[in-house]
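Could you slot chain B onto chain A? The hints should help.
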Amino acid sequence: MEEKGFKLSILCCNYTNLSEREDFFEVPVSLEIKRYPCSGKIEITDMLRALREGAKGVMVAGCMPGTCHNGRGSERAEKRVLGARKILEEIGLEPERISMFFVNRLDGEDFINKVKAFYREILNFELKGRERK
Amino acid sequence: MIIAERRPIPEILRNIENYQKILVLGCRGCVAICSAGGDREVSIVAEAIRLARTLQGKPIEVLEDTFIRQCDPEYLEPLKDYQGKVEAVVSLACGVGVNLIADLYPEIRVYPGVDTSFYGANLSLGEWVEKCRGCGDCIIDRTAGLCPIARCAKNLLNGPCGGSQGGRCEVRKDMPCIWHEIVERLKARGELEKLLEIWEPKDWRPAGGDGLRVRVREDLRLNGGKKPWR
Numbered sequence: 001m002e003e004k005g006f007k008l009s010i011l012c013c014n015y016t017n018l019s020e021r022e023d024f025f026e027v028p029v030s031l032e033i034k035r036y037p038c039s040g041k042i043e044i045t046d047m048l049r050a051l052r053e054g055a056k057g058v059m060v061a062g063c064m065p066g067t068c069h070n071g072r073g074s075e076r077a078e079k080r081v082l083g084a085r086k087i088l089e090e091i092g093l094e095p096e097r098i099s100m101f102f103v104n105r106l107d108g109e110d111f112i113n114k115v116k117a118f119y120r121e122i123l124n125f126e127l128k129g130r131e132r133k
Numbered sequence: 001m002i003i004a005e006r007r008p009i010p011e012i013l014r015n016i017e018n019y020q021k022i023l024v025l026g027c028r029g030c031v032a033i034c035s036a037g038g039d040r041e042v043s044i045v046a047e048a049i050r051l052a053r054t055l056q057g058k059p060i061e062v063l064e065d066t067f068i069r070q071c072d073p074e075y076l077e078p079l080k081d082y083q084g085k086v087e088a089v090v091s092l093a094c095g096v097g098v099n100l101i102a103d104l105y106p107e108i109r110v111y112p113g114v115d116t117s118f119y120g121a122n123l124s125l126g127e128w129v130e131k132c133r134g135c136g137d138c139i140i141d142r143t144a145g146l147c148p149i150a151r152c153a154k155n156l157l158n159g160p161c162g163g164s165q166g167g168r169c170e171v172r173k174d175m176p177c178i179w180h181e182i183v184e185r186l187k188a189r190g191e192l193e194k195l196l197e198i199w200e201p202k203d204w205r206p207a208g209g210d211g212l213r214v215r216v217r218e219d220l221r222l223n224g225g226k227k228p229w230r
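As they're listed, the protein sequences go chains A and B.
For the first sequence, position 96 matches number 96 in UniProt numbering, and the numbering has no gaps at all.
For the second sequence, position 1 matches number 1 in UniProt numbering, and the numbering has no gaps at all.
One chain only, chain A, in its complex shape:
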């Protein structure tokens, strides 16, 4: 059963993975999957906007370094995640709410496992936040 109001946003490269919402039935949250021509096209603004629009965490997924269809797109994405994290730190949010994941191209299981791990990490933040309240 989905946790009410708990949304995760996955911003990923079109080539990285073809998994769809139904492949993530073991992750009990609302998942928003946005695909880009390359993870190098994912801007810091896209990551921050996803949080503003209600996501509790943003997972940026790109191809393993060296396997990017466009050369170094996923390395670029990783750098942008650092930029977004700096902003989160400045405004008092856990920087890890935006995270970069390199996934094996077209390896659905690898992708799903990384989404599950990210979900657990964000869930921990949420539970700690509830305890503080």
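No wet-lab data here; the hints were simulated from the structure.
Treat each hint with caution, since some may be false.
[Unchecked claim] Calculated cross-link-like contacts (lysine-lysine; reagent style DSS-like; alpha-carbon spacing at most 30 Å):
hint, chain 1, residue 1, chain 2, residue 2
1, A, Lys128, A, Lys34
2, A, Lys79, B, Lys131
3, B, Lys131, A, Lys86
4, A, Lys86, B, Lys21
Remember, it's a predicted structure, so these values are computed and weren't measured experimentally.
Quick look at chain B alone, frame taken from chain A:
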């Protein structure tokens, strides 16, 4: 170019805490080239402000625009369209742009979104280094093109100092001693005797010691011009 750096978001937020509608205004000049205040940075700062204010429970409307330059009155003309439509402007231009907006549009509340740092060169992607301090009295014709005012930590006119060791600066060990480089270069050119000349004391008035720096070229002024400081 003028190098600038984004101010921390909390500082920007503090300046605009009482407003509900603002404009984040970028500049496609130097600050765009040094990735501090161009279109992309406007979009990032605007979204960071929206996110922070949403989290604070005080959503804000943030408009975004980028002008070709903010250091020329004619390029600031489109700012008139925002008058009365936004409560404040966060400018990502260097201090020149912010000052010119404040001069020309006194009724607009303008706040800096970047700290203006120095005049520098872009050595590689994501790296900028100071090369000039704009002191207004160049001596680099005598120093093989290398400026000791900007690049010596002590601004020495007759270095290297005793702390220069192995070609490194004693103040910043990761920095080369620019006087060491000047001497080495002049030596290689057979021009070391240039340093034996006794220089006139450096004129620091053009560096700002004589008040606001103004440059007027009568051959370019039309219709008598106007007071350059206004």
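Within 30 Å, alpha carbon to alpha carbon, are Lys128(A) and Lys34(A)? It holds: about 28 Å lies between the C-alpha atoms, which stays within 30 Å.
Assess, step by step, whether the Cα of Lys79(A) is no farther than 30 Å from the Cα of Lys131(B), and give holds or violated. With a Cα-Cα distance of about 27 Å, the restraint between Lys79(A) and Lys131(B) holds, given a limit of 30 Å.
Does the alpha-carbon distance linking Lys86(A) and Lys21(B) stay inside the 30 Å limit? 25 Å, holds
For a C-alpha distance cap of 30 Å, please report whether Lys131(B) and Lys86(A) respect it. 28 Å, holds
Checked against the numbered hints above, the structure violates none of them.
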